[in-house]
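S.K.: Throw the hints in and build the complete structure from the sequences for me.
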Amino acid sequence: MTIEDFRALIAILAILVGTFFSLIGLLGMIRLPDVYARLHATGKIGLYGAVLLLVAAAVWTPLGWGRAIFLMVLLMVTGPVTAHAISSAAYRIGTPMKNPIRDDLSAAEEAPAPGD
Amino acid sequence: MVELLREVATVAIALHVGMLAAAVWRIWRGETVADRLVGVDLITTLLISILILLSIIQRDSIYIDLALALAALGFISTIALAKYLADEQMF
Chain A
1 MTIEDFRALI
11 AILAILVGTF
21 FSLIGLLGMI
31 RLPDVYARLH
41 ATGKIGLYGA
51 VLLLVAAAVW
61 TPLGWGRAIF
71 LMVLLMVTGP
81 VTAHAISSAA
91 YRIGTPMKNP
101 IRDDLSAAEE
111 APAPGD
Chain B
1001 MVELLREVAT
1011 VAIALHVGML
1021 AAAVWRIWRG
1031 ETVADRLVGV
1041 DLITTLLISI
1051 LILLSIIQRD
1061 SIYIDLALAL
1071 AALGFISTIA
1081 LAKYLADEQM
1091 F
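Sequence order for the protein chains is A and B. Letter by letter, the first sequence follows residues 1 to 116 in the working numbering. Letter by letter, the second sequence follows residues 1001 to 1091 in the working numbering.
All the pointers check out, no bait thrown in.
If we take Cβ atoms under 8 Å as the criterion, some of the chain A residues that face chain B in the derived model are:
id, residue
1, A8
2, I15
3, S22
4, L26
5, A50
6, L53
7, R67
8, L71
Since the hints were derived computationally from the structure, they do not count as laboratory data. Glycine included, C-beta positions come from ideal geometry on N, C-alpha and C.
M.R.: In structure tokens:
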């Protein structure tokens, strides 16, 4: 087994695992009930899917780890920031939740409970 | 092993194009406007993944630079659209 085959093997494993995470995240985006749950699912595509494909590209292509790690850090920082911005905007325009247990941001939670 | 890598990457690129169709379906169906914004953000992420897979198939790192530019532009555009959605003004 040459070093070239070893690089190809690592790239194949990273592509398979990354595509698996992307498929799971897409299934969640289709099946989950409301915006907030769908954002939870699509975050997996940005983090695990794209970052594992970048590991494969850094091993296989003449890219070098510098630019690959830069793009990984960019994806890891901007993914949660965009998810938080979308969910905050959705809450501020009053997008309803399906089956909420409690709402930490609503005014009713600010008031003290009657027993206190 | 190298041929197997090329076949796996080709199948993965086909799957990612199928996922792009599902994201377009999410924008079309929507239910709320925030759902459509989730779909736009997902399309940007999937295009980044497709560019990385193209660079693996061609064994050429120029597509990674395209993915870098697309990641930065997608971040700015999603943040701007979310702010427009919440405040009804861009700046």
